[in-house]
Amino acid sequence: MTNSWADIGWTDLAIIMGGNAAEAHPCGFKWVVEAKANRGAKLIVVDPRYTRSASVADFYCPIRPGTDIAFLGGVINYLLSNDKIQHDYVKNYTNAAYLVNPAYGFSDGLFTGYDEAKRDYDKSSWDYQVGEDGFAKLDDTLQDPNCVFQLMKKHFAIYTPEMVERICGSPKDKFLKVAEMIASCSTPTKTMTSMYALGWTQHSKGSQNIRAMAMVQLLLGNIGVRGGGMNALRGHSNIQGLTDLGLMSNLIPGYLTLPTEKEPDFNAYMSSRGFKPLRPGQMSYWQNYKKFFVSFQKSMWGEAATAENNWAYDYLPKLDVTYDMLRVFDLMVQGKMTGYFCQGFNPLMTLSNRGKLTEGLSKLKWLVTMDPLDTETSRFWENHGEFNDVKTGDIQTEVFQLPTSCFAEDEGSLVNSGRWLQWHYPGQEPPGEAKLDTWIMAQIGQKLKALYQKEGGAFPDPILNLTWNYADPNNPTPQELAKEMNGSALADQMDPKDATKVVVEKGKQLSGFAQLKDDGSTQAFCWIYTGCWTEAGNQMARRDKEDGGTGLAPKWAWSWPANRRILYNRASSDVAGKPWDDSRKLVYWAGDKWAGIDVPDYGAAFKPEQTVGPFIMNPEGVARLFTRKMMRDGPFPTHYEPFEAPVANAVAPKIRGNPAARIFKGDFAALGSSDKYPYVATSYRLTEHFHQWTKHVWVNAVLQPEFFVEISEELAKEKGITKGGWVRVWSNRGSVKAKAVVTKRIKPLMVDGKPTHIVGIPQHWGFMGAAKKGMNPNSLTPFVGDANIETPEYKAFLVNIEAIASGPVA
Amino acid sequence: MANQSLNLLRRSASTDTPPVTGGQTIEVAKLIDVSKCIGCKACQSACLEWNNLREEVGVNVGVYDNPHDLTPNSWTLMRFAEWDNPDTGNFEWLIRKDGCMHCQDPGCLKACPAPGAIVQYTNGIVDFVHENCIGCAYCVKGCPFNIPRISKVDHKAYKCSLCSDRVAVGQGPACAKACPTAAIMFGTKEDMKKQAEKRIVDLKSRGYANAGLYDPAGVGGTHVMYVLHHNDKPEIYAGLPHEPKISPLVAAWKGTGKVLALGALAFAALGAFFHHTVVGPNKVSEHDEENAAELAEEGKSSKTEARPV
Amino acid sequence: MAIDIEHQPPVVRARTFVDRYSAFARVNHWITAITFSLLTLSGLALFHPSLYFLTALFGGGALTRAIHPWLGVILLISFFGMFLQFWRMNLWNRDDTQWMKQIGDVVKGDEERLPELDKYNAGQKGVFWGQALMILVLFTTGLVIWDQYFGGYVTIETNRLAALIHAVMAFFAIMLIIVHIYAGIWVRGSVASMTRGKVTGGWAWRHHRKWLRRTVKGERAPGE
Amino acid sequence: MIGELSRRQFLRTAGAGVAGTTLGAMGFGGAEQALAQSVRPFKLAKTTETRNTCPYCSVACGILMYGVGDGSANNKQAIMHIEGDPDHPVNRGTLCPKGAALLDFVHSDTRLKYPMHRKPGSDKFERVTWEFALERIARLMKDDRDKNFVAKSKDGVTVNRWTTVGFLAASATTNETATLTYKVVRSAGIVAFDNQARV
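Protein chains in written order, with the UniProt record's numbering: chain A, 1 to 810; chain B, 1 to 309; chain C, 1 to 224; chain D, 1 to 199.
Extracted from the complex, chain A is given alone in its bound form (with noise of 0.2 angstroms):
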C-alpha cells in the first residue's frame, strides 16, 4: 500500500478491481463504509462475480476474467480523450513530457524487440531520448509524437468503450459509468483509492494490471494525496515483512537484489544499480544503494566482510535463473532437487496444478515442514482416496514434521499492508514439544556450522563467518534480531558538519538509515526498517494512537520508511508546495520547511522553487507511465488474453497469453483449448476461511464447511446442475469434484458476441483440518506465471463442467 488502512476512509471514491477487499479484509474494508458514512463517497466493484464487496458497492461492473487491461486502457483513453486528467500534476510529477527512442514501436500487440524464441524481448529502445549532458531529454508541451504523453494516447485508442464490451463482456453502459465516476476524480479536490490483491497479481500479466490502474492514479493525480493512492492488499499478516526482508530468490533485505552470474565481480555489481539522476538536480535515492548493501554484509559478516574482499561479496550466491517456486517444482519434476522445506507454507495446496507438485515431492530425497497446523504437504505421501490418491509405498521422500509455535505463543513484529511494524507478545507457551520458529532456525543453522566446523566442506566461509552474537546461540531472542534488524554503529559516528562531534557511539543502535555508511562503519540488516528499534526502544510497540482523526497513527507501531505512513506525500502539494485540496493537507511547504501531518518523503533541505520531483527512489524525480526496461513484458501494459481463454485476442490474434510470460515447455502442452473446456474459470478466497489455515479451526468450518462452486443459473439450467447437487469440473490439467452454489450473483457475459459462463472456484479445503475433506482448485490452474515476478494464472483459466450423482470417497 502506498497509503495505510484507516487513510482509505479519507477517499471519495473507493474502486475495489482486482480484489475484494470486503472478503478478505472485513477490517479494513471498513475505512471504505466509513468513507462512504461520512464523507458520502463512493464506491466501485468491477469483478466477474457479484462479491460481497459489491454487496455494498455504489456501482457493479461485471468483467471477464483477465481482461483488466483492456478496461482499464478503456478508463485511460476515456482520460485522455475527454482530458480528464489532472494536468499539473501529470506535466510536474509523471514522465508525460519524457522523449522516448524513436526506435520504440508497438504492433501487431508486440514492442519492439521480440525474440520469440526466447519468449523475451531486447528493451534497448524502449528508453528515454538523453542528452550529451546525460540528462533525459522532455517537451513540455506534451506535444512531441515521441513524448510519453502522445505515446501513451495512441497506444490506449483502441481500447474504445465497445472494444472493453468486447474484450471484457462488461456492458458499455456500465463500463461508461464506471469511466464517468473515475474521471469525476481528476480535479485536485477528489481523490481515488485503488483497492487490489491476488485478483490482479494472479495473471500471466498481473504486474502490467497494476500498472495500468497506477497510470489512472498518475493521470488522475491520486498518488502521495491522502485518501488515494494503489492499495496492494496483502494476503497475509507478514508477507509484506517477508518480502522486506528479501526472502525470495533474487532479493537482500530493503528490495536490495542478489548479483547475478554476470556481474562477477563487485563493480560489475554496482554498476547497475546506484542510479544516477536522470534529470538536474532530482534525488535519486537508490544512489545510496551501496551504503544500504555494505550494512548489509558487514550485518551478515561482520568482520568477514571488508573493503578488501568487497565486503564478501563473493559470500552472496550468484543467480543464473531467478529460482522462484515454480522453477523449483518443475526442477523437482526434472529429479534435480534434493531437499526442501517448508516453513509455515502449505504448497501442495497453495501452488498451481497439483499432479505436478505431487510429483515433484514424490521425487524429493527429503522434505522437512515446520508449522503449527498438519498441513497436507507433510502428508502429500498419505492416502486419501480421491482427496489425496497417491501410491504411497512408491513415494521414497524422507519427511520430518517439526511442530512451531503460533502467533499466540511467539514475541515479535510483523508488518501489515500500510508497512506499519507492530510489536506482539505471546500468551501461552507452545503445546507439547512444538518450539519457536527461531529456535528451529537456530538449531539447523548451529548444527549444520557444527558439521562444517568439524569435517570442513564446501565453501564453509559464510556459514561459519555468519555473525552469531547472541547471548544463546541455541535460542536468539526476537529482541536481538530486532535490533540486528535495526542496525548500529560498528565505529564512533562523526557529525558530517561537526567532526569533533559524535551522533551514534560505537554500538549504538542507529536512528535512522540517512546514518549508514558505505565504509564498513555501519550495519544494518535491513535498511529500510533502521529506526525500527532505536536507542530509545523498540519503536514497533509504540500505542499511541493519537492522530486527530487522520488515520495516520503516526505515533503508534512503526512505519517503513522512517516512520512514513503516506509514501510519495510530497506529491500532495503542488510544485509551489501548496495542497493539492486545503481539506486534505498532508505534507507542504510552509514558507521555511516541509510541514504536515506525516514524516515527508522528500529531502528537508530542498526549497520548491529547486523542483526536486516527489518520487524521490526514481532517477527521474518523477513517476513513470511509461516503464522504460523495468518491466519484462513491455513499458506500457497492453492486453493480452490469459494462456486459457475462450477467444482470441482481439487486438492482436495471433498472440496467446502474455509473449513474455514465462512458461516451462510441458506446461504448454499441458494447456486446454476452449473447444474442450468452454468455461472460464476462476479462483478466489472466501471470507468465512483464511487460505488453508482456518480449515482447522471449528469455527470457521461450521461457517463454510464445504468445497463448492458457483455458477450462474442459466449454466445450471443448460448443464442440469441443482442447487446444492454435486459437480465435477474438470481442467486439462485435473479435475475435483464439489457441491454446486447456483446464483443470480454470476451472470453469463456477452464477450465477442457470445455467451461466456464464467465458474468461481473458492480454495480453502483439503484433506486435513476440521471442514468437510474436499478439493482444491489448484488440481485444475495452469502452471504459468507472471511475467515480472512469476505469480501463477489462478485467476483466469478454461474448464468444463457437468452434474455428477455423488462426491468423491475418501
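The reader is advised that the hints may include incorrect statements.
A partial selection of chain D residues facing chain B, derived with a Cβ cut-off under 10 angstroms [claimed, not checked]:
1. Ser-38
2. Leu-44
3. Thr-48
4. Gly-69
5. Gly-71
6. Ser-72
7. Ala-73
8. Arg-92
9. Leu-95
10. Lys-98
11. Leu-103
12. Asp-104
If you're looking for bench data, these hints aren't it; they were derived computationally from the structure. Source: prediction; values computed, not measured. Glycine included, each C-beta is placed from N, C-alpha and C at the ideal position.
Fit chains B, C and D to the supplied structure of chain A, relying on the hints for placement.
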C-alpha cells in the same frame, strides 16, 4: 467470579410485578445496518466464541447460509437473499443478520409457562434464564420472528441474550464489537435511532427512496432494529416479517381467556356443590330395591339369575 | 375423588345386586381416571402461572413438561380400551332424546317421569362421546406441540393453532369430567359400580330400568 | 509488558464485582436489588490480557488474548478468549470471522505437538526426538551441499550457489524469525528461496 445482575421489567409466567425502580433506566438497542453489512459472518463467529457454543460442521446445500438455520448453538445467522430489483433492473444481494429482536412486547415471554424462564430487563433485553426453562417450546410459538430453538441435548430454549453478561459490565454484545463495517452498532435505543436517521438520509441520497428503520410497532418496537434499503418490503430480506405482531392465536391462547377458563372450572365445581346442597343426593329408595327384587324373582323363575355383563 | 360409602340399615328383604362392570372394565376406568387427573394437574400447572406450583407434584417444571405428553399417550391407549368396550352401549336412541328434553327433571332427580333407560343415559353417553372426541383432539394437538419428538414437522402457525385448540379442548374435557365426577357422587350407588363392579337392583331399577329388565331376562345388547 | 492502566484493565476490575458507577448508566444497579435477575458472570473477569496481532491477513488487526492464570510461577497460562483491541487504529476492536475465531486456531485439534518422521516408502509418521530430527536434517543438508554446491559457473565466474535444496519461507512468521531464516538460508548459498507472496 463476579455476580452481575440486571433489573427486571417483567418475568414470564409470573404474577409478581417488578417494582418501578427509582432512577433512570436507559433502553439499549442493537442497530443492524443492512446497507453496511458485507455478510462476513464475523458476528456468527464472535457469538459462537463468546458464548462458548459448539455448532456442528455441516454441509453445503448450494447457498452461503451456514448453518442453514438458527439452532440452539447458533444464536445468530447471516441470511443471504438474492434479489433482482424490478425497479432498477439491478441485482441486489441482501444480507441480513438474523437473531432475537428483543421485542418490547415479547411473544416468547408471553407464551412461557415457566415462572422466570424468560425475563425482560429494564434496559429492554429479553433473556432466557435456563435454570427456570422447562423446554416446552411455547416460546417458539410465541415468537413472531421464529427465533428460539430447543436443544435436543438439555431440552432448554436458546437464543441471543444480547450478551447480557457483557452489557451488565458496560460492554456491547460480542457481535457488535466484532462487526468490521459497523453494520452492527450498540448503544441506547435513542442513540441508535438517531444513527439510523443519519443512515437513512445517506441511503436516500444514494437512490434508496424507501430506506427506513425497522422497529416494528406491532411488538411494541424492538431492541434490535434494522436499517433497510427497502423498508417497504422487509420480506425480501430472507423473510423478515412485514408488520410482525404476536399471533392472534397466541394472544387467544395466552390471553385473559385463561383466567376465565380457570374461573369457569371453579364455577362448575362450585355449581355441583350447590346443586347437591339444593337437590340433595339422588338416592335409591327401598321401594326401588323391592321392585328390582321382584323383577329379579320373575326373571329367576323364567331364567336363571341376573348375570354380570 | 370423594368416595361415597353408604351404610345400609338392616335389610328387610334380601337385596339384589346386579353386576355392572367387569374387573377389567373397572381397572381400565381407573387407569383412565388417574391418568386424566394427572394430566389435568400437570396440564393446569403449565396452563396458568398461579397453578405452576403443581409442577412440584411431578418433580419440577421440566419433568412436568416431559411427563405430561406421555400421560397423554397412556390416556389415549387406556381410553381406547374403554371405547372398545362401551361404544355400542353408548349409541344414541330415541329415549336419549326424550331424556334430554326432560333435562330439568334429570337435574331435579325426578327420574320417575323419565323414560326407562338402558345401560347408559344420555348424560353418560354425552360424557363418553365428548371425552372420546376431545381426547382424540387433545392427543393430536398434543403431538403437534410435543416439541421433543415432533418439533419442526409443521409450521409454527399450525403449532400455535394446535396449542390453542389443546388448551380449549382441555378446558372442555375438564368441565365434562367435573360433571362426570359430580354425577357419580350425586347419584348414590354409582361409585360402587366402578369400585366393586356391582350396583344394587334398586339402583338399576331407578336409573337404568331397561337395562335391568334385559339383564334379568338374560338378554345381552350388542357389545355388552 | 503492558505498562499503562488500560481501559480494559479497568473493566476487568469492574467485572471483578465492584459494580462500577458507570454500570448504573446502562440501567442496572447492584446485584442485591430486589427483583433483579442475575446474569451469567462476565467470563473475562480476572483473566490476564496479552496484546497480539491477528496472524491472518495484512490488515494486522490488534487483538487481545485473555488467558487463564495470573502469570504466577506455578500457574501455566492458557488462552481462553480472543477479542479485538479497541485501541488499535485500524480495526478499532473489530474482527472478521477468522479473527473472531482465533481461539480455535490456537487450540485446534490439528495443531502439531511433536516432531514426526516418515521413513521413505512408509505409510505413517513416527514420533521422533528433536535431537534426532535436527541432527538428521543438518546431516542431509551438509551431504547434499558438499555434493551439489556450485562454486564456479561454466564460464569460471565464482557463483557460490546451492541449487538442489530449496526453502519456502512463511507468510506469518515474525520479522525476527524471517531475519534468522534469511541468515541461515542465504549463508548456505541457497537460491531456491521463496515466500508466500504469490499465492
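The hints, checked one at a time:
1. Ser-38: 4 angstroms, holds
2. Leu-44: 9 angstroms, holds
3. Thr-48: 16 angstroms, violated
4. Gly-69: 16 angstroms, violated
5. Gly-71: For Gly-71 (chain D), the interface hint is violated, since the closest Cβ of chain B sits about 19 angstroms away, which is over 10 angstroms.
6. Ser-72: 19 angstroms, violated
7. Ala-73: 24 angstroms, violated
8. Arg-92: At about 9 angstroms, which falls below the 10 angstroms cut-off, the nearest Cβ of chain B leaves the hint on Arg-92 (chain D) intact, so it holds.
9. Leu-95: With Cβ-Cβ at 5 angstroms, under 10 angstroms, it holds.
10. Lys-98: 8 angstroms, holds
11. Leu-103: Result: holds, 6 angstroms to nearest chain B Cβ.
12. Asp-104: 8 angstroms, holds
Going down the numbered hints, you'll see the structure goes against 3, 4, 5, 6, 7, while the others check out.
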